[in-house]
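Undergrad: Here's the letter readout for the chains.
Protein chains: 4
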Amino acid sequence: MIRVAVLGATGYAARELIALLLRHPEVQITALTTRQEDQPHLGDVHPTLRGRLDMQLQNLTTAEVAHSADCIFCCLPHAASAAVVSELLAADCRVVDFSADYRLNDADVYSQWYGVTHPDADRLGKVPYGLPELYREQLQGARLVANPGCYPTAAILALAPLLKSGAISPEGIVIDAKSGVSGAGRSAKAHLHFPEANENLLPYGVGTHRHTPEIDQVLSNYAGVTTDVVFTPHLVPMDRGELITAYANPGATNSGNDGLQTEELLAILRQHYADEQFIRVIEGIPGTKSVAGTNYCDITVRRVRGKVIVISAIDNLIKGASGAAVQNFNLMYGFEESAGL
Amino acid sequence: MIRVAVLGATGYAARELIALLLRHPEVQITALTTRQEDQPHLGDVHPTLRGRLDMQLQNLTTAEVAHSADCIFCCLPHAASAAVVSELLAADCRVVDFSADYRLNDADVYSQWYGVTHPDADRLGKVPYGLPELYREQLQGARLVANPGCYPTAAILALAPLLKSGAISPEGIVIDAKSGVSGAGRSAKAHLHFPEANENLLPYGVGTHRHTPEIDQVLSNYAGVTTDVVFTPHLVPMDRGELITAYANPGATNSGNDGLQTEELLAILRQHYADEQFIRVIEGIPGTKSVAGTNYCDITVRRVRGKVIVISAIDNLIKGASGAAVQNFNLMYGFEESAGL
Amino acid sequence: MIRVAVLGATGYAARELIALLLRHPEVQITALTTRQEDQPHLGDVHPTLRGRLDMQLQNLTTAEVAHSADCIFCCLPHAASAAVVSELLAADCRVVDFSADYRLNDADVYSQWYGVTHPDADRLGKVPYGLPELYREQLQGARLVANPGCYPTAAILALAPLLKSGAISPEGIVIDAKSGVSGAGRSAKAHLHFPEANENLLPYGVGTHRHTPEIDQVLSNYAGVTTDVVFTPHLVPMDRGELITAYANPGATNSGNDGLQTEELLAILRQHYADEQFIRVIEGIPGTKSVAGTNYCDITVRRVRGKVIVISAIDNLIKGASGAAVQNFNLMYGFEESAGL
Amino acid sequence: MIRVAVLGATGYAARELIALLLRHPEVQITALTTRQEDQPHLGDVHPTLRGRLDMQLQNLTTAEVAHSADCIFCCLPHAASAAVVSELLAADCRVVDFSADYRLNDADVYSQWYGVTHPDADRLGKVPYGLPELYREQLQGARLVANPGCYPTAAILALAPLLKSGAISPEGIVIDAKSGVSGAGRSAKAHLHFPEANENLLPYGVGTHRHTPEIDQVLSNYAGVTTDVVFTPHLVPMDRGELITAYANPGATNSGNDGLQTEELLAILRQHYADEQFIRVIEGIPGTKSVAGTNYCDITVRRVRGKVIVISAIDNLIKGASGAAVQNFNLMYGFEESAGL
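As you go down the protein sequences, you meet chains A, B, C and D in turn. Using my numbering, the first residue of the first sequence is number 1, and each one after it goes up by one. Using my numbering, the first residue of the second sequence is number 1, and each one after it goes up by one. Using my numbering, the first residue of the third sequence is number 1, and each one after it goes up by one. Using my numbering, the first residue of the fourth sequence is number 1, and each one after it goes up by one.
Hints were generated in silico from the structure; no laboratory data involved. One thing to keep in mind: the hints can contain errors.
Copies of the same chain look alike in the list, so a pair counts if it works inside one copy or between any two.
As the list claims (entries may be wrong) - Under the rule of at most 25 Å between Cα atoms (straight-line distance), these lysine to any residue pairs were calculated in the SDA-like manner:
hint, residue 1, residue 2
1, Lys189, Gln36
2, Lys189, Tyr204
3, Lys189, Val109
4, Lys189, Glu283
5, Lys126, Thr10
6, Lys164, Ala252
7, Lys189, Ile282
8, Lys189, Asp44
9, Lys189, Gly284
10, Lys189, Ile29
11, Lys164, Ser187
12, Lys189, Gln261
13, Lys189, Ile285
14, Lys189, Pro47
15, Lys189, Arg123
Let's have the full structure, built from the sequences with the hints guiding it.
TA: In structure tokens:
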């Protein structure tokens with residue numbers, strides 16, 4: 001049994017993570033932390049977990065956390081996370097980091113998009129990116145994993161195989177993304193107040209969303225090209241689920257002038273993901289409801305006029321956060337990749 | 001043209017009120033106030049009203065308000081409201097008060113339920129209650145009107161005629177109420193955060209909701225009885241609309257041992273509201289969607305086993321707040337009762 | 001491994017059931033049936049299950065079903081179900097019946113509420129009612145179980161202990177129930193069309209809902225009294241979750257004139273359910289979201305004025321259908337009661 | 001007073017239209033039709049209109065309609081509509097046609113996308129397209145107007161000024177569109193059943209939606225270019241509201257190599273719509289809720305990396321259907337353009 005702790009256990013991704021860990025045959029949860037001064041019971045913080053784990057959230061020092069657990073799931077805000085993670089690694093813990101701190105390879109790009117100096121810049125570029133479908137070998141046995149952002153997960157899984165195969169061009173990629181409101185976190189904010197967010201479809205972060213450089217970096221590195229994606233997220237009046245509709249130009253290596261057609265594009269995806277248990281390449285159209293509550297990513301592709309349209313759907317809290325974390329944890333420890341999922 | 005001001009113009013009821021007033025042929029809006037320090041433009045506070053009225057919200061003194069307008073719609077919190085209202089009346093303004101301050105007749109009951117000493121207790125018991133269908137004569141020409149609570153509006157319109165006619169007993173009345181989330185106001189709160197309130201049906205204020213004494217007082221005074229209602233509101237994952245399902249015992253004056261049946265009960269309601277343009281007594285079942293965006297109250301009644309079930313539906317922001325206010329305003333000034341509605 | 005079949009596998013309860021069975025360590029799904037002529041793949045009928053079970057739904061005869069499985073989960077409509085169930089029992093299968101066919105003890109009551117003559121009337125009164133918290137002993141080793149209705153589950157779990165203890169009176173019980181739309185089934189109907197049901201709170205089946213006699217029978221038998229409940233369900237614009245707000249008069253055996261107060265009432269519930277892993281008696285207020293996706297029933301009770309208010313919440317598709325079925329299955333076969341849940 | 005009839009009065013657009021017409025000072029509704037055999041009362045078909053107009057829907061011949069009204073709002077399905085419209089025009093009625101029948105100029109394109117031969121092909125190309133902000137002069141005094149599709153309205157209003165000014169290129173335009181479910185009509189369908197559509201974000205009609213040629217034709221004709229838009233609509237779990245996020249390449253006539261930036265692009269829109277009362281060009285981000293229930297179209301534009309992103313929002317049932325129809329009606333008869341709106 002691996003003793004695990006969850007740092008910053010009050011959020012939605014942490015709630016889903018705890019629910020998954022409670023079902024995992026090789027895991028014992030030994031600590032949950034919060035920075036709130038009172039030390040609330042898990043069942044009061046997450047009523048849906050009432051009766052499943054009799055444990056209080058505590059204000060623990062990093063040393064106390066390191067003492068109590070072998071593997072730490074760190075759900076702290078960016079910058080705060082890296083400061084803790086480096087200490088945990090020094091204390092010989094393993095870590096799955098939910099923040100963006102170890103996703104970008106370049107400290108300057110990090111500073112530019114996150115507005116702070118990186119607290120552990122030396123480690124950047126050496127931490128595997130927690131997308132098993134792309135980087136499984138690097139994740140096996142890893143001591144620290146950078147758990148991906150939700151939008152990058154959906155976008156990269158959709159686009160990476162087509163980009164690498166040359167079926168789409170790296171230039172002019174548009175990613176129109178839609179997410180349920182849980183993706184915006186648990187803090188009550190004016191625009192997320194029910195009567196504001198309900199019955200509202202609202203673009204946000206147009207041209208400024210922090211997942212942009214993450215998508216560019218991973219797509220570019222994986223496919224050996226340089227992308228410059230235009231990424232526009234939208235808030236959808238639903239709890240969970242995320243869908244991206246990506247528009248790309250046909251790639252240079254395409255057969256003939258017109259590029260690949262729908263069937264050929266589907267074949268590339270099917271072949272790429274043939275052995276992946278959590279990727280479902282489908283002929284129909286993905287919708288968020290078909291993946292809600294699961295670790296699946298549904299993907300399809302269409303050739304429409306001069307564009308290739310790739311559509312993918314995930315549950316932002318599971319495949320986009322906690323499920324991916326458990327999948328990475330399993331790879332780190334050599335467990336069955338689907339354990340707990 | 002009557003010059004009107006809206007005090008506390010940032011909330012949802014104020015937004016709906018302004019939309020109605022902009023359509024009213026006899027009204028000119030001359031001032032909107034807020035206690036926020038910046039003086040935001042109406043279109044920024046309520047984007048749906050953008051382009052309809054080019055006016056900033058201001059921080060005005062009561063004297064400035066009194067100078068700028070003939071009639072004041074006061075959407076301030078309880079206690080704060082009465083303090084301002086008494087000054088406005090002294091300055092010869094007329095007032096429609098949205099707060100609970102002038103609804104209850106007894107200052108002690110007010111203190112008990114609202115937790116503060118009433119700032120204008122001498123006036124209690126002399127202010128007409130703004131339910132035109134019950135108190136039209138008192139409202140005609142009034143200088144101050146206590147605009148009713150949303151739940152009391154739906155509950156009283158449903159129960160008052162049956163109670164007055166003796167068709168139901170004053171003892172043991174249960175009012176199970178359901179409301180859209182806009183009824184909880186515009187301030188972002190943890191339990192009203194979209195991912196919390198969405199897909200959730202949640203009772204609240206069980207046994208403690210402040211509309212309880214208001215319902216008891218009005219029902220009792222109107223019907224000449226003493227009620228002791230049990231009132232349980234529930235939050236429903238929708239924007240607007242309010243429905244009450246009331247359960248009463250058949251009344252003593254009922255014909256025969258078993259009391260009146262559905263058809264006789266419907267006849268009482270139909271007769272009572274025969275001349276009311278905003279009350280629709282229906283044979284079918286009211287739902288909130290049929291009244292959303294309107295000033296209507298839909299009502300039906302059924303005899304089921306030993307109980308009389310009365311169901312009514314309103315739009316909490318219109319018939320339950322702003323629409324009633326405009327209806328009252330029309331009675332105060334002698335305009336057509338439906339003007340602007 | 002028990003070989004199981006699901007008859008009528010296209011509905012929502014069947015979908016949830018299959019998801020639970022796929023996680024059950026002692027179960028192998030061997031057949032899924034439908035009366036649709038084409039034999040669709042499970043993943044096309046329930047896209048969320050795509051990739052989890054590679055099986056087509058088939059049109060099987062009862063004999064074929066009996067041949068392929070040891071235990072049958074029968075999700076057929078009432079009347080159709082009993083006809084099949086009696087054959088399955090004759091073929092030595094065990095059955096969990098989701099329909100209402102074996103819930104009522106009296107064939108006349110059945111005919112009156114369901115409008116048909118019971119096809120297997122001799123068996124009525126001999127089939128255990130599948131509420132483990134009340135009838136565990138009868139369910140252990142049973143060959144046929146009548147899986148309860150969703151509303152009866154929530155209502156009976158809330159009221160039965162209080163009724164049996166004499167804390168509430170059997171007379172004048174009102175059950176105001178609220179359900180997400182999945183409770184109305186999967187067939188597209190005009191009033192369940194999204195733009196009709198969304199943003200709508202709608203009472204239905206007022207005084208006529210078929211769960212009324214089921215609630216009366218079970219409450220009366222269990223507590224040794226005679227109830228005559230008034231039951232009013234409401235459709236709530238959300239997927240899943242069911243909450244009942246029940247109003248009862250204090251019982252005759254109550255201490256003093258005024259009856260038991262909140263703390264004493266809570267103590268009765270806590271004691272009654274002390275050993276039950278799926279019942280959470282809480283001091284706070286149950287909401288549907290806290291039980292969604294789980295087999296839990298959250299319950300609380302309040303004394304308010306002259307009434308006792310009992311509130312309970314379940315997931316209508318799990319504790320109100322498929323989860324209860326798996327719990328019953330576990331009792332029938334002597335597995336751990338929470339297996340698969 | 002103009003006598004008006006509404007043909008096919010059971011749908012959502014017709015419901016909104018009737019509500020608007022009831023407020024119009026120059027209109028008298030003289031007939032409502034349906035092809036349903038019973039002749040239901042308007043209040044039963046559209047409960048929200050109960051009490052506002054005491055009229056039955058009737059099965060009228062075209063001659064009867066022509067006799068009863070001066071102007072006909074025709075809400076019939078495509079092909080069925082043109083057959084009736086040509087008769088109504090022959091009988092000297094004026095017509096606002098909600099169908100797609102007179103929107104496309106080319107009978108072959110119509111056949112290709114709508115799958116039928118056009119019943120009144122000679123009139124194609126001579127009917128003004130009912131977008132007053134682009135074609136006001138042609139609409140003034142018109143006898144027949146082709147009321148635009150909802151998606152084309154939002155898309156064309158956003159893109160046309162930028163395209164005409166050369167700020168964006170006609171090549172490679174992507175229109176990612178999102179709509180509330182009322183846009184799919186009132187017929188209950190499996191994928192629009194509440195438990196299917198709720199909590200679901202679902203692309204549909206990818207590459208095949210019939211609004212594609214309509215958008216291309218109007219954009220191309222208005223701007224004197226040739227577009228080949230890629231149009232992808234998505235179903236959003238909300239009642240009403242439509243938002244398009246359009247991605248275009250900077251145009252050839254742009255200043256410098258990099259093209260116009262956000263401020264310059266906004267200036268083009270502001271100047272173009274300076275005199276338009278129903279277009280609100282905003283610096284912030286449009287959301288559907290800000291336009292719900294109104295005839296407004298909110299638009300903004302951003303330069304992001306290599307793309308120009310244009311975002312617009314309308315209420316699909318009002319500016320996207322009934323409101324536009326009333327605006328067109330006002331132009332046909334010379335009334336104030338905002339009458340009834």
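Undergrad: None of the hints should be skipped; say for each whether it holds.
TA: These are the hints, each one checked on the structure:
no., hint, result
1, Lys189 with Gln36, "both (18 Å within a copy, 17 Å between copies)"
2, Lys189 with Tyr204, "both (14 Å within a copy, 21 Å between copies)"
3, Lys189 with Val109, "neither (28 Å within a copy, 35 Å between copies)"
4, Lys189 with Glu283, "between (39 Å within a copy, 21 Å between copies)"
5, Lys126 with Thr10, "neither (29 Å within a copy, 49 Å between copies)"
6, Lys164 with Ala252, "within (12 Å within a copy, 31 Å between copies)"
7, Lys189 with Ile282, "between (37 Å within a copy, 22 Å between copies)"
8, Lys189 with Asp44, "both (21 Å within a copy, 17 Å between copies)"
9, Lys189 with Gly284, "between (36 Å within a copy, 18 Å between copies)"
10, Lys189 with Ile29, "neither (31 Å within a copy, 31 Å between copies)"
11, Lys164 with Ser187, "neither (39 Å within a copy, 44 Å between copies)"
12, Lys189 with Gln261, "neither (44 Å within a copy, 31 Å between copies)"
13, Lys189 with Ile285, "between (33 Å within a copy, 17 Å between copies)"
14, Lys189 with Pro47, "both (21 Å within a copy, 17 Å between copies)"
15, Lys189 with Arg123, "neither (34 Å within a copy, 39 Å between copies)"
The structure is inconsistent with the numbered hints 3, 5, 10, 11, 12 and 15, although it conforms to all the rest.
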